[in-house]
Amino acid sequence: MDLYEYQAKELFGRHGIPVPAGRVAATPAEARAAAADLNAPVVIKAQVKTGGRGKAGGIRTAAGPVAAEQEAERVIGMDIKGHVAHRVLVETATVPFEEYYAAFLVDRAEGGFLAMVSGQGGMEIEELAANNPDALVRLPIDPVTGVDQDTARLLAAKAGLPEQAAEVLEKLWKVLVAEDAVLVEVNPLICTTDQRIVALDGKVTLDDNSAFRHSWDYAEESDSLEARAKAKGLNYVKLDGQVGVIGNGAGLVMSTLDVVAGAGAAPANFLDIGGGASAQVMADGLEIILADPEVRSVLVNVFGGITACDAVANGIVTALGLLGERGHGTPIVVRLDGNNAEVGRRILSDARHPAVRQVSTMDGAAEMAARLAVGA
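Numbered according to the working numbering, the sequence shown spans residues 867 to 1242.
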């Protein structure tokens, strides 16, 4: 479960991590009142569970209450990569002297935890890792010993952070452990001109499996793509790309995400429809994916097994019929393989749906979907 920034900062505050003073507002009038109470220049920040808010115009400064109301009017209701901002965080504007990056996360490949710390914050971590990998300190963390004072000081020193940042790093680790989180990230973690270490942003992902141990009450906005998918029983994760992906089986879907990336485009989602790809399941999946304004093409990658490809093909045809005009505007690339693949392909060919393109290989299908998405 991903938290909104304001929720992550509430957790930080409870664990003694300094954060800017702020309040959540659901209306422009509430934003004005919050700015008046803070009695200082503020930042209006869209509360959505995705990155790129600044580039999309979802983070704005305001000199006072009137400006805060005006900026909140612009931000509330904004769609950022398929996420609608229903609230804003009105926060005291804090000028950084230096910006850092800090994160603790589950390292599934190694069966432990990983610390990532850098003296260069404020940019996407993928960009930092690609452009300057030496600037990112990675340190495996033993689940038993965790992050004590000495480990926190070592991380700070290796990454070039000031000594006082070690205390905050140690507390971030405590957030991860105490709250059963799989990710705790701050970007940027800043040092102010008066040498205070402050979490200027916050991202926390909680482990749903541990909900029985907590009294969490983090409701998802009902019109987010994730919430709509969950209501339909779909295993869906929103990503920041242009190619919608549907597959049957988590392993196949993960492989499909990789080949889409290798073909020069970015996947827009993870969507596993499982073994029973009925017409309704396929319709629900396509409806969710096509509701994402970032999606430029869809790749359906199915390997027939228990559910044969002819059943999947009939599901696709029926789903497109159920979707009507919504299923015509975005190209859909379909790759069927495995049990009854030839029959399934013939069903799709006979349907002659204008949105559907068939490709026999996964790599070829990914290349076509990528080409259609990026306009190459």
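For the record, the hints were derived by calculation from the structure and aren't laboratory data. Be aware that one or more of the hints could be misleading.
Here are the computed distance ranges between Cβ atoms for each label pair [unchecked claim]:
(1) Ser-1076 - Gly-879: 15 to 23 Å
(2) Thr-1227 - Gly-943: 15 to 23 Å
(3) Asp-1073 - Gly-943: 43 to 51 Å
(4) Asp-1014 - Leu-1049: 40 to 48 Å
(5) Ala-1217 - Arg-880: 34 to 42 Å
In silico lysine-lysine, PhoX-like type, Cα no more than 25 Å apart, as pairs [what the hints assert, rightly or not]:
(6) Lys-915 - Lys-1024
(7) Lys-1069 - Lys-1096
(8) Lys-915 - Lys-1096
(9) Lys-915 - Lys-1069
Since the structure is predicted, the reported quantities are computational estimates derived from the model, not experimental observations. The beta carbon of each residue, even a glycine, is placed where N, CA and C say it ideally should be.
Right, here's what the structure says about each hint:
1. Ser-1076 - Gly-879: 15 to 23 Å: Check passed, 21 Å falls within 15 to 23 Å.
2. Thr-1227 - Gly-943: 15 to 23 Å: violated (43 Å)
3. Asp-1073 - Gly-943: 43 to 51 Å: violated (31 Å)
4. Asp-1014 - Leu-1049: 40 to 48 Å: Violated - the Cβ-Cβ distance for Asp-1014 and Leu-1049, about 21 Å, lies outside 40 to 48 Å.
5. Ala-1217 - Arg-880: 34 to 42 Å: violated (56 Å)
6. Lys-915 - Lys-1024: The given pair, whose Cα atoms are some 31 Å apart, is violated under the 25 Å limit.
7. Lys-1069 - Lys-1096: Satisfied, since the Cα-Cα distance of roughly 21 Å is no more than 25 Å.
8. Lys-915 - Lys-1096: holds (15 Å)
9. Lys-915 - Lys-1069: holds (9 Å)
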